[in-house]
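Chemist: Each residue of the sequence shown is one higher than the one before, starting from 0 at the first, in numbering that gives the first Met the number 0.
By construction, these hints were calculated from the structure, which means they are not laboratory data. Just to be clear, a hint being listed does not mean it is correct.
[Unchecked claim] Here are the simulated BS3-like cross-link-like pairs (lysine-lysine), alpha carbons at most 25 Å apart as the crow flies:
no.	residue 1	residue 2
1	Lys102	Lys138
2	Lys26	Lys55
3	Lys55	Lys102
4	Lys26	Lys50
5	Lys128	Lys55
6	Lys102	Lys26
7	Lys85	Lys50
8	Lys66	Lys128
9	Lys50	Lys102
10	Lys66	Lys55
11	Lys66	Lys50
12	Lys113	Lys26
13	Lys85	Lys138
14	Lys138	Lys55
15	Lys66	Lys26
16	Lys113	Lys19
17	Lys128	Lys26
18	Lys138	Lys66
19	Lys128	Lys113
20	Lys138	Lys26
21	Lys128	Lys138
[To be verified] Derived DEER-like restraints, expressed as beta-carbon distance ranges:
no.	residue 1	residue 2	range
22	Gln22	Ser106	25 to 31 Å
23	Gln22	Lys55	20 to 26 Å
24	Asp37	Phe123	16 to 22 Å
25	Glu88	Gly42	31 to 37 Å
Glycine included, each C-beta is placed from N, C-alpha and C at the ideal position.
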Amino acid sequence: MNTQNHLRNLQHQTILERAKHPQNRGKTNPIDRYQIGDNPLCGDRIELTIKFSQTKQIIEDIKFQGKGCALTIASADLMAEILLGKTREEALEITAQFRQMLKGEISLSDNLPKLNIFQGVAQFPIRIKCVLLSWHTLKTALESPN
Numbered sequence: 000m001n002t003q004n005h006l007r008n009l010q011h012q013t014i015l016e017r018a019k020h021p022q023n024r025g026k027t028n029p030i031d032r033y034q035i036g037d038n039p040l041c042g043d044r045i046e047l048t049i050k051f052s053q054t055k056q057i058i059e060d061i062k063f064q065g066k067g068c069a070l071t072i073a074s075a076d077l078m079a080e081i082l083l084g085k086t087r088e089e090a091l092e093i094t095a096q097f098r099q100m101l102k103g104e105i106s107l108s109d110n111l112p113k114l115n116i117f118q119g120v121a122q123f124p125i126r127i128k129c130v131l132l133s134w135h136t137l138k139t140a141l142e143s144p145n
């Protein structure tokens, strides 16, 4: 097996493991922000809850519930892990960078290596929506006025 195939296999295994055993499934307590995201093409659905710090600027916890393919669930789980402790602005910037990476516009910075498992999805545009569902849901939640 060449290096490229081995890397793809490892990425695939990591995605499947995250989808089978998500670490961030559930609801935050308290729920400071609640948002639902749907992908009408395939029926995937993510319910996202966010808990902020007392200043309402730092994400203290993110949890998700829902149903979806392995890409949707793995992406939501990894998103929740990566954005823990980030400000709203940092979370929105990471979301924008991740979206650009999936569209092949940029390479992700070295401080977000875990998200590189989704790089191969750029070759399958129809699947990009699966990976971005939780990220779009988060963006909507963070940009809403309440």
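Chemist: Each hint needs a verdict: does it hold in this structure or not?
Modeler: Hint by hint, here is what the structure shows:
1. Lys102 x Lys138: Holds - the C-alpha atoms of Lys138 and Lys102 are around 17 Å apart, at most 25 Å.
2. Lys26 x Lys55: Since the Cα atoms of Lys26 and Lys55 sit roughly 18 Å apart, the hinted pair holds (cutoff 25 Å).
3. Lys55 x Lys102: 31 Å, violated
4. Lys26 x Lys50: 9 Å, holds
5. Lys128 x Lys55: Given pair Lys128, Lys55 is violated - Cα atoms ~29 Å apart, limit 25 Å.
6. Lys102 x Lys26: Outside the cut-off at roughly 30 Å; violated.
7. Lys85 x Lys50: 12 Å, holds
8. Lys66 x Lys128: With a Cα-Cα distance of about 14 Å, the restraint between Lys66 and Lys128 holds, given a limit of 25 Å.
9. Lys50 x Lys102: Status violated; Cα separation ~30 Å.
10. Lys66 x Lys55: 29 Å, violated
11. Lys66 x Lys50: 21 Å, holds
12. Lys113 x Lys26: 23 Å, holds
13. Lys85 x Lys138: 14 Å, holds
14. Lys138 x Lys55: Measuring from Cα to Cα gives roughly 16 Å; hence the hint holds.
15. Lys66 x Lys26: 14 Å, holds
16. Lys113 x Lys19: 17 Å, holds
17. Lys128 x Lys26: 23 Å, holds
18. Lys138 x Lys66: Given pair Lys138, Lys66 holds - Cα atoms ~19 Å apart, limit 25 Å.
19. Lys128 x Lys113: 19 Å, holds
20. Lys138 x Lys26: 18 Å, holds
21. Lys128 x Lys138: Satisfied, since the Cα-Cα distance of roughly 14 Å is no more than 25 Å.
22. Gln22 x Ser106: 25 to 31 Å: About 26 Å separates the Cβ atoms of Gln22 and Ser106, which means 25 to 31 Å holds.
23. Gln22 x Lys55: 20 to 26 Å: 25 Å, holds
24. Asp37 x Phe123: 16 to 22 Å: 20 Å, holds
25. Glu88 x Gly42: 31 to 37 Å: With Cβ atoms ~33 Å apart, the hint holds.
Consistency with the previously given hints fails for numbers 3, 5, 6, 9, 10, ordered from lowest to highest.
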